[in-house]
Amino acid sequence: MIEYALNFGFVCVALALLMNLYRLTVGPTTADRVLAVDTMAINAIALLILYGIGKATAMYFEGALLFAMFGFVSTVAYCKFVLRGDIIE
Amino acid sequence: MPFVVELIISLLIVIGGAFLLIGSFGMIKLRDLLPRLHAPTKASTVGLGGLLIASMLFFWIERGHFTIHELLITLFIFLTAPITANLIAKAYMLLNVDPNKDLPPSKQDEGWATFDPVGPEGYDPSEEYQEKET
Chain A
1 MIEYALNFGF
11 VCVALALLMN
21 LYRLTVGPTT
31 ADRVLAVDTM
41 AINAIALLIL
51 YGIGKATAMY
61 FEGALLFAMF
71 GFVSTVAYCK
81 FVLRGDIIE
Chain B
1 MPFVVELIIS
11 LLIVIGGAFL
21 LIGSFGMIKL
31 RDLLPRLHAP
41 TKASTVGLGG
51 LLIASMLFFW
61 IERGHFTIHE
71 LLITLFIFLT
81 APITANLIAK
91 AYMLLNVDPN
101 KDLPPSKQDE
111 GWATFDPVGP
121 EGYDPSEEYQ
131 EKET
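Protein sequences, first through last, are from chains A and B. Position one of the first sequence corresponds to residue 1 (the numbering used here), numbered consecutively onward. Position one of the second sequence corresponds to residue 1 (the numbering used here), numbered consecutively onward.
Next up, chain B with everything else stripped away, as it sits in the complex (with noise of 0.2 Å):
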């Protein structure tokens, strides 16, 4: 193996491992969830796609053929943390916020929408579910 690859690919191993650190160690720093939800998302980007991009190359160089499975990955993970992200925060808002003294009022008929299931008042989604069936 050349001695340019090698370094290339220490180098994106080491970027990869120091930021994926920074990462878990943000979340043991901040103080908060909603803070604390902005950590991870510097392991999965640059620490994982780091990782995944130096695995690519040296599959490259040691079997002489190009792979971008590697890449099914990157575009999995790319695809659902924000997903996930949304979801852990709607979460620690239903358990934890007071939706009457934590947040503005939200100036319609309806309040927020993870606080208030029921939507404006004479609005009924029984009704709409009958008129799909028949």
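Same shape as in the complex, but just chain A (with noise of 0.2 Å):
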């Protein structure tokens, strides 16, 4: 039965994925494009974690954990470049 649940799980995942990327390249702002990559790095940490439940292999936890720790850092460092002009003052 977790077979086909995973299946749901990495259909519902990629739709996700392409709306986010829909507003990637649609959004009319700056600030759009930053909410549709934070918003992606966390369905891209939803599709590691699948899989690791899929392989049945606990290896993939390390990925997911970098993914959430540099989207958190990009997302910021972004949003502090458009405030201030500058990242690291």
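Misleading hints may appear alongside valid ones.
Pairs of lysine-lysine residues, derived as DSSO-like cross-links and limited to a Cα-Cα distance of at most 27 Å, are as follows [said to hold, decoys possible]:
hint	chain 1	residue 1	chain 2	residue 2
1	A	K55	B	K107
2	B	K29	B	K42
3	B	K90	B	K101
4	B	K101	A	K80
5	A	K80	B	K90
6	B	K29	B	K90
7	B	K90	B	K42
8	B	K90	B	K107
Calculated directly from the structure, the hints in this document are not laboratory data. From a predicted model like this one, the values you see are computed outputs, not experimental measurements.
From these two lone chains plus the hints, build me the complex, please.
Here's what the structure looks like:
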């Protein structure tokens, strides 16, 4: 039964990533694009966790943790650049 | 693996995937950035939370020992989501909102914080730096 649930989850995450890609390319303002990339990082974490359950290995959690950290750092860096014109003052 | 545990894990995965899809659908449905900020919170709380609890249960039953390193990801996402939302909203307001037309007056000596980095008149932040250095 878990295999069917995993297939459903993969389809959901793939559709979600496509919607984020639409917002990333169309998005009228810069902040829309930053928000789309932030949501894409969350969806990538979900994809890695689903893949880890499917392969029954805990190796992908380090990758998911790295995605969480670098998604946050990149979003904050871009917003600081827009707000202050500089990242580290 | 017993049937009940398998059912619970499958339900958690289905709920998490559905909430991830709903959160990203809100991104293309809502009309403006400030309502749009509301949508991905569904994906980052219930969506990722359900998947991480499902993964914790799966490896607990599969390996026989309990690990909490999925909780690290949950903790990190819950801590950082408000900060990113606040910074994205501030960047949007700086670029797209006119403080003279769209915002009420602040009724203070200085303007709103995002638009008025100088502060009240006569206040010079460089003086404080010089005092700290000496």
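Quick rundown of the hints versus the structure:
no.	hint	in the structure
1	A/K55 / B/K107	violated (60 Å)
2	B/K29 / B/K42	holds (14 Å)
3	B/K90 / B/K101	holds (17 Å)
4	B/K101 / A/K80	holds (25 Å)
5	A/K80 / B/K90	holds (10 Å)
6	B/K29 / B/K90	holds (22 Å)
7	B/K90 / B/K42	holds (21 Å)
8	B/K90 / B/K107	holds (20 Å)
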